Amino acid sequence: MDVKEKLALNRVRNDEESHINIDQEKCRECSLRACLFVCPAALYEKNAETGEITVEFSGCLECGTCLIACPRGALKWRYPGGRFGVQYRYG
Amino acid sequence: MDQVDTIIIGAGLAGLACACRLAEADPEKQVLVLERGDAPGAKNVSGGRLYLEPVRAHAEKTAKLFKGAPFERAVRRETITLLADDAATSIDFLDEKTQVDPPHSVTVLRSKLDAWLGEKATELGAFIVPQSRVIELLKDGQKIIGVKTEAGEEIGAPVVVAADGVLSFMAGEAGLREGFEPKRYAVAAKEILELDSGRIEDRFCLAENEGAARLFAGDITGHGLLGGGFCYTNKDSLSLGIVVGIGGYAELENGPKLPDLFERFKSHPEVKRLTSGAKVIEYAAHVIPEAPQIDESKLVSDGLIVAGDAAGFALNLGITVRGMDFALISGEAAASAVIACREKSDFSRAALREAYVDTIRKSVVEEITKFSRMTEVLSNPRLYTDYPEGAAEVLRALFSVGGEKEALYRTAWPLIRKYFVNWRGFKDWWRMRKV
Numbered sequence: 001m002d003v004k005e006k007l008a009l010n011r012v013r014n015d016e017e018s019h020i021n022i023d024q025e026k027c028r029e030c031s032l033r034a035c036l037f038v039c040p041a042a043l044y045e046k047n048a049e050t051g052e053i054t055v056e057f058s059g060c061l062e063c064g065t066c067l068i069a070c071p072r073g074a075l076k077w078r079y080p081g082g083r084f085g086v087q088y089r090y091g
Numbered sequence: 001m002d003q004v005d006t007i008i009i010g011a012g013l014a015g016l017a018c019a020c021r022l023a024e025a026d027p028e029k030q031v032l033v034l035e036r037g038d039a040p041g042a043k044n045v046s047g048g049r050l051y052l053e054p055v056r057a058h059a060e061k062t063a064k065l066f067k068g069a070p071f072e073r074a075v076r077r078e079t080i081t082l083l084a085d086d087a088a089t090s091i092d093f094l095d096e097k098t099q100v101d102p103p104h105s106v107t108v109l110r111s112k113l114d115a116w117l118g119e120k121a122t123e124l125g126a127f128i129v130p131q132s133r134v135i136e137l138l139k140d141g142q143k144i145i146g147v148k149t150e151a152g153e154e155i156g157a158p159v160v161v162a163a164d165g166v167l168s169f170m171a172g173e174a175g176l177r178e179g180f181e182p183k184r185y186a187v188a189a190k191e192i193l194e195l196d197s198g199r200i201e202d203r204f205c206l207a208e209n210e211g212a213a214r215l216f217a218g219d220i221t222g223h224g225l226l227g228g229g230f231c232y233t234n235k236d237s238l239s240l241g242i243v244v245g246i247g248g249y250a251e252l253e254n255g256p257k258l259p260d261l262f263e264r265f266k267s268h269p270e271v272k273r274l275t276s277g278a279k280v281i282e283y284a285a286h287v288i289p290e291a292p293q294i295d296e297s298k299l300v301s302d303g304l305i306v307a308g309d310a311a312g313f314a315l316n317l318g319i320t321v322r323g324m325d326f327a328l329i330s331g332e333a334a335a336s337a338v339i340a341c342r343e344k345s346d347f348s349r350a351a352l353r354e355a356y357v358d359t360i361r362k363s364v365v366e367e368i369t370k371f372s373r374m375t376e377v378l379s380n381p382r383l384y385t386d387y388p389e390g391a392a393e394v395l396r397a398l399f400s401v402g403g404e405k406e407a408l409y410r411t412a413w414p415l416i417r418k419y420f421v422n423w424r425g426f427k428d429w430w431r432m433r434k435v
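Going down the list, the protein sequences come from chains A and B. Just so we're aligned: the first sequence equals residues 1 to 91 in this note's numbering. Just so we're aligned: the second sequence equals residues 1 to 435 in this note's numbering.
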């Protein structure tokens, strides 16, 4: 089962504004790019043309793994606003 | 600025245990719980097993409240499985002596459990505000004097309890945690799989309402890194997940994607048989404190107490995984500390430390730190590669019939020597003696 299909099962209320912001300058200097594989929702992608990392914040499971794994401290990560984000029905 | 008697950040098990105890002790005092989710439990994820025995021993009042709580099943069957590539070796333990009423441990779904405990707290007089994210601690010098919410409200209190979970941005704000060290954390991903109760009981060999806890050791990451899998039986669903230490994993070059590791685990012949026909109904992830190290001086600040995951209270011993019990115990202890310090009108760091840390030293802090060498033991790649493969090879050789077979001893001994009884095995064993 594809992770996108799994994420589609979750109850989520999306904010318009991303709760994860990438400092591209710091990000560019990173060779590890752990965010590309550690995210349980696989939300990070590398733009094929620019090489920049992008994040699709709307499927975020709010675990914080990317924040912990990012070796450059390039992520500004906060919890989504009060009414937003994933709302677990089982947890 | 509005003023209340106590502010609790986070309606998880630590925050709610604290709220219940405070409201029950003195209904005149205002207890305000700020929760960022739609309701208590909406943001909370656990593997799914809660040990109640330590709660009964160290947080009596909370344990009493739990009568009638919506637990899933009382765990009676414990299974540890070593996963080799195409084989699984299990130690399966069914013990009629395991207490199920009241249960020694139970499986839980946090949305249900926390919502229920939230109702209890409300009945007792605590005030829970959902959809309310705290963005800042208000300070007067070093002293914490309140919080600021996203909506811009500033609320003051003589004492704040940070029960805001493993990432505890509030402990960070108070200077009690500096950054996040990857090796101190693990990431867990979990599916909830719907399966009717009859099939669960048949499949896991359980009597009615009994539960099974299955832990899997093996090369979850394909790189011999700290990791494992779990499967807990709920009433009519399974909690299936993997756990991977972030430290080693995040350092891999072009490492395997976590969702792929999940699918790989799920496609293992043993796991496949457990989950066949079950339908995925939710996918969750959570970070777990992994390092059994607690710095007592970082558990309180002037006007602030940290409890539960926020304080790093978790313990993974490979065969038992604890966290929720510590959350309940530390939550109740935080409340007792607030009550004791209120009598003296002294919420200073020193007063809180004495009232809080002294209470949980035996039941929580030392319970965790006595296993401080556990991470070292669990970082041994052989645990995830050689041992599961070795167990499978030995049993494969013993169970196979036909061909030119040597005597049993001569079949098994060379393999046992190859995998277990050798210098490296001796070193592993020596290391394990320390925990």
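Think of the hints as simulated: they come from the structure by calculation, not from any bench. Be a bit skeptical, because a hint or two may be false.
[Claimed, not checked] Among the chain B residues that face chain A by a calculated CB cut under 8 angstroms, a handful are:
(1) G41
(2) I192
(3) L195
(4) K257
(5) E354
(6) Y387
Fair warning: this is a prediction, and the values are worked out from it, not measured in the lab. For glycine and all other residues, C-beta sits at the position ideal for the given N, C-alpha and C.
Given hint L195/B near chain A, where the shortest CB pair must fall under 8 angstroms: violated, 13 angstroms
G41/B as chain A interface residue, shortest Cβ-Cβ below 8 angstroms: holds, 6 angstroms
Minimum beta-carbon distance criterion (8 angstroms), Y387/B to chain A: violated, 26 angstroms
Residue hint K257/B, partner chain A, criterion CB-CB below 8 angstroms: holds, 5 angstroms
Chain A contact restraint on E354/B - CB to CB distance below 8 angstroms: violated, 32 angstroms
Status of the hint placing I192/B at chain A (closest C-beta pair under 8 angstroms): holds, 4 angstroms
When held up to the earlier numbered hints, the structure conflicts with 3, 5, 6 and fits the remainder.
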